[in-house]
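A.B. asks: Residue strings, one per chain:
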Amino acid sequence: MIAEHLPALQVVVPLAAAPLIVLLRHPGIAWALAVAASVFAFGASVALALEVARTGVISYAMGNWPPPWGIEYRVDALSAFVLVLVSAIGALVAPYAWRSVAAELPRAQHYLFYAVYCLCLAGLLGMTITGDAFNLFVFMEIASLSMYVLIALGRDRRALLASYQYLVLGTIGATFYVIGVGLLYLATGTLNIADLAARLPQIGGTRPVLAALSFITVGVSLKLALFPLHLWLPNAYAYAPSAATALLAATATKVSVYVLLRFYFTVFGAALVVDALPVSEILIGLSIAAVVTASLVALWQANLKRLLAYSSVAQIGYITLGVGLATRDGLTAAVVHLFNHGITKGALFLLVGGIALRAGGVGFERLQGLARTMPLTCLGVTLAGLSLIGVPGTAGFISKWYLVLGALEAGHWWLAGLVVLTSLIAVAYVWRFVEAAYLSEPPAGKASAGEAPWSMLVVSWALVAACIWFGFDTSFTVGGAQRAALLMLGGAP
Amino acid sequence: MTSAQLIAACLIVPATGAAGIALAGRWPNLREGVTLAAAALLFACVLGLLPTVLAGGVPQLFVLEMLPGIALGFRVEPLGMLFALVASGLWIVNSVYSIGYMRGNDELHQTRFYVCFALALAATMGIALSANLLTLFLFYEMLTLVTWPLVTHHGDAEARRGGRLYLGFLVGTSIALLLPAIIATWALAGTLEFTPGGILRGKASGPVIGGLLALYMFGIGKAALMPFHRWLPAAMVAPTPVSALLHAVAVVKAGVFAVVKVVIYVFGAETLAGVRAADWLPAVAGFTIVAASIVALRSDNLKRRLAYSTVSQLSYVVLAAALLTPLSVAGAVFHIAAHAVGKITLFFAAGAIYTAAHKTEVSQLDGIGRRMPWTMGAFTIGALSLIGIPPLAGFLSKWMMFQGAAQAGNGMALAVLALSTLLNAAYFLPIVYAAFWRAPHEGDAPHGEAPWPSVAALVVTAAATIALPFAAAVPLALARAVAG
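Taken in sequence, the protein lines are chains U and G. Just so you know, the first sequence maps onto residues 1 to 493 in the numbering used here. Just so you know, the second sequence maps onto residues 1001 to 1484 in the numbering used here.
Hints are computed from structural coordinates only; laboratory data are not their basis. No false leads were mixed into what you were given.
If you anchor each label on the Cβ, the simulated ranges turn out as follows:
#1 G:A1477 / U:V46: 47 to 57 Å
#2 G:A1477 / U:L421: 35 to 45 Å
#3 U:G411 / G:A1283: 23 to 33 Å
#4 G:A1022 / U:G28: 37 to 47 Å
#5 U:G411 / G:A1022: 45 to 55 Å
#6 U:I2 / G:A1044: 53 to 63 Å
Ideal Cβ positions, reconstructed from N, Cα and C, are used throughout, including at glycine.
One chain only, chain U, in its complex shape:
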């Protein structure tokens, strides 16, 4: 009975936890509810992924209104994969948040954080699971609005400005998206994604359809921080509370990439997007610009959180590069990197949260000699940093492997060269941290208070271990990504 409604419960449980938290208000209860809801969501997504692996596609009709009239929740190889990533990060960050939020937020705001956290998670999961283009917009707004709040909760006053910047740009993005969906509705008379996919080929590349494609591309690109639409991201990541940054960095942009993939390859179809239009060329060009400039900018940041934020812009460039290649290996690279970068950045931002707590900040001047007082944290950052570089034996290597392979098989050997050369910039910025933490003297009289709290360490290290694990055992990541790539290119259900 319950198993049958898992697609709905996946979203409804965290969504319902939010008002409950606001009603109860007690920080401890709020935290416990958030943990319970996010752990449930994780369990549900794993169950759904197993079910999808067995049966193919799950279609769930909301309120028994059959699609395309009612809202359909649809889980396939691609959405199941993204659901697992989002809910896993959600379930890890929630327990971590206890100590981190206690240290960074005034007690009166704790319940607010957890309520918004649950809302954000529900929004992101909803965006991934829904099979309805307008319902996706609704969840996008839920996720975005809660993100604005999460960022604004940061104790630095600049968090307000960062939140406001993101609010303006995020609203433009969402508006563009909904304009695009509106045009599609005009052209086809349907909002159901599967139905859109069935009807669009009959219409072909007419002006309204092309306009819709353009609006959706720009709108979603703003959300996923594709260069040069990434300007909101560095401040948002840098000034949000640590737990919020980890959630955002590991999931929010990834879900937006998912939306882009869904529209390009399911709704519009590779024939229109890749073959008839220069979308590939534009995406590859912008991705290269993202990877090169953001990596170089990251190198010069004076603050570890900002460094990692710019690194995220660069890594998103690798993902969109894979999307732009639009071959089987390219899409595999995009999807697998979506996951691998999610866990890598998640691990890094969680560890950085521990540093912020103990060292009182994450400017490079506070990181000098940090390995002496926080050896486990620094080792974790180093290992996750290796995954960011793409050293073999880490998850990041697997992504790079498929990205280079995809570029070579598409005949773009120069692109393969560019991918490996830009990884070298990642070596440089990761090693800035390593040198500061391991080879510098700690500043006199400003020794940090020791290792991060164990609850934060355990969660962070779980993700660090995942970065290593998925560098060796790739049956879940590569297997899932290859199934998703096949699905997008129309090879399987």
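With the hints as your guide, set chain G onto chain U.
C.D. replies: Positioned in the frame of chain U, the structure of chain G alone reads:
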């Protein structure tokens, strides 16, 4: 134990040894005991594999499938067997030496030093026993990363600079050149398993082969082919035991080992011999041999001179492998062992001189042979072996290389080998002359030999340099098996 278990033990023993060293960090004697026990046990495991390999067997161990169609796996063939034997055998001697050196110089962070050392050996074993390019690449990168803390051991500005060069060159070349080469090989051949005869045979056209060869040869930065050799002299800021075992044996030999592996098992001698685009390799290797020898000649710092000598000697192996005749390939393989015992002796001596007399420059060594007769005696033997004086180990490999070059009809290679022998003599013999026949400087503080573990170690490796040609049956059998 089955041979698969022995392979696993070769990786697990040094890895758990590292953990044990970390746990025993507070009790130095226990800690060094763990290091010695792990080294001895590792050597025993490697020796356990030897009879099977000599009998023509190929022990294998499949761990898991890392990527669809590409396994994390190990397969012991003669070349890997020889490399593993050399590295694990010398780890025992080097550990004894380290105890004398590290204590004699009151070095800090000794636990970290021994932990990284054990991890470096685990990575070296992984490289030596790897069954395919991906496994080799995994341990190759691991070796760079775990030796970085050893290079930057002193933590000062110079160590930091050395560490940057080390990482920049090794990680830079491996990610920018070697990784694309491996991925391109996978795309072309559909396999990465080392296969006699080569996996690229008939899979690519001449120019592609030539391009790939360049990516591989320069991408394997650990082989220190010019212009990617600068990391090796930079790595000399490390404590001398690191320079001795890692930067004269394990790390650099991992480089030339990978070069030989790639030439024989990825391209295949036949494929390369038929491709004009591969002809540049002997020339580049020859240039490296001569140019590095000239730099060595002009270096007053002893460790720097030894480092450039290593750069030059590594290219012997590359040159000999590139000549592609059975004798030259056997010479290349044997030189991996011969250069290892000779050069480690020289570094041991350099470290002993630093420990006992705090001297680092060649020009300071006048008359030191009288105060440190054992050390300088061993130094002389190592130097003569590297020059190629019979009957020492280095003579045997040079002999095979000369014959191979003659067989290949490569006049350039013959000339390079002859010229570099002269250069070797020119940069080694003056040190020996000054040490024994010149009068000591006025005002030198009196000193004797270094602590006994260090002296014992260098005597053992010098003895090995003498004994290797007489006990050459095993290494030669392995070398011939590689050359087919």
